[in-house]
Amino acid sequence: MARAGKRKDSATSLSRGFGLLAALGVLLVLAGLVGLVYTAVATLTSMLLFGWLLLTGGVVGLAHAVQARGTSYFWLGVIVAALNIAAGVVVIHLPHATAAALTMFAALLFLTAGIFRLAGGLVVRGPQLGWTLLLGAFDLLLGILVLGSWPSSSQYVIGAFFSLALLFDGLGLVAAGYGGRRVVGLVSGKGGSKPVQP
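Residue numbers (our numbering): 1 to 198.
Worth flagging that the hints you see were computed from the coordinates, not collected in a lab. Be aware that a few hints might be false.
Computed spacing ranges between beta-carbons, pair by pair [stated by the list, open to error]: (1) 122 with 145: 21 to 31 Å; (2) 38 with 112: 25 to 35 Å; (3) 133 with 79: 43 to 53 Å; (4) 123 with 144: 18 to 28 Å; (5) 169 with 41: 40 to 50 Å; (6) 160 with 97: 12 to 22 Å; (7) 73 with 126: 23 to 33 Å; (8) 80 with 115: 26 to 36 Å.
Glycine included, each C-beta is placed from N, C-alpha and C at the ideal position.
Please build the complete structure, drawing on both the sequences and the hints.
Following this line, the structure appears as structure tokens:
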């Protein structure tokens, strides 16, 4: 009986944990949907968050470097921490300029990826030629659209990507939480139907 009680308690705690995971997923989905509606705010928020993460990482890295003084790691740690702190300060003070630079970089990445996919697909002509050409054309078109409306596109591109990432991560967490609770319910239900061995 004690073993059955422990099994039930562990199943309850597992089910509660998966429920919290699903609730977090719902929050991320809502945040992603709000970000897709207000992409300019999402862009500014993601830039500020990125800047503070760089700044915090730089301060923590500097503290670790100071603790490791006297070793060969010290100066490398100080340089990397200083770069992170400087980049964080720049991003926090100039979020719109940072978004414009990152948008330009993303557009160039899309253009490059699209050209290489199209050229590689036409040269290799593998079994997935259709998908390769479709993805290449999509990347190329996306890069041209973003670059063609730059710098005004920098107000919404980063925010849209950030919001889509939140949305899909949230959907994944909701699916994992719901599926986990269902599995725990099935397993605990089967376990409860068996007679308990003395």
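To see whether the hints hold, each was checked on the structure:
Between residue 122 and residue 145 the CB atoms are about 23 Å apart, so this pair conforms to the stated range of 21 to 31 Å. For residue 38 and residue 112, the hinted distance range of 25 to 35 Å is satisfied, since their beta carbons lie about 30 Å from each other. The supplied range of 43 to 53 Å is met by residue 133 and residue 79, whose beta-carbon atoms lie about 44 Å from each other. One distance hint, 18 to 28 Å for the beta-carbon pair residue 123 and residue 144, holds here, with the actual separation near 22 Å.
Range check, residue 169 to residue 41: about 19 Å between beta-carbon atoms, so the 40 to 50 Å window is missed. Between residue 160 and residue 97, the C-beta spacing of about 19 Å keeps the proposed range 12 to 22 Å intact. Separation of residue 73 from residue 126 is about 45 Å and departs from the stated range, judged on CB atoms against 23 to 33 Å. Restraint check, residue 80 to residue 115: a C-beta distance of roughly 33 Å satisfies the suggested window 26 to 36 Å.
Checked against the numbered hints listed earlier, the structure breaks hints 5, 7; every other hint is satisfied.
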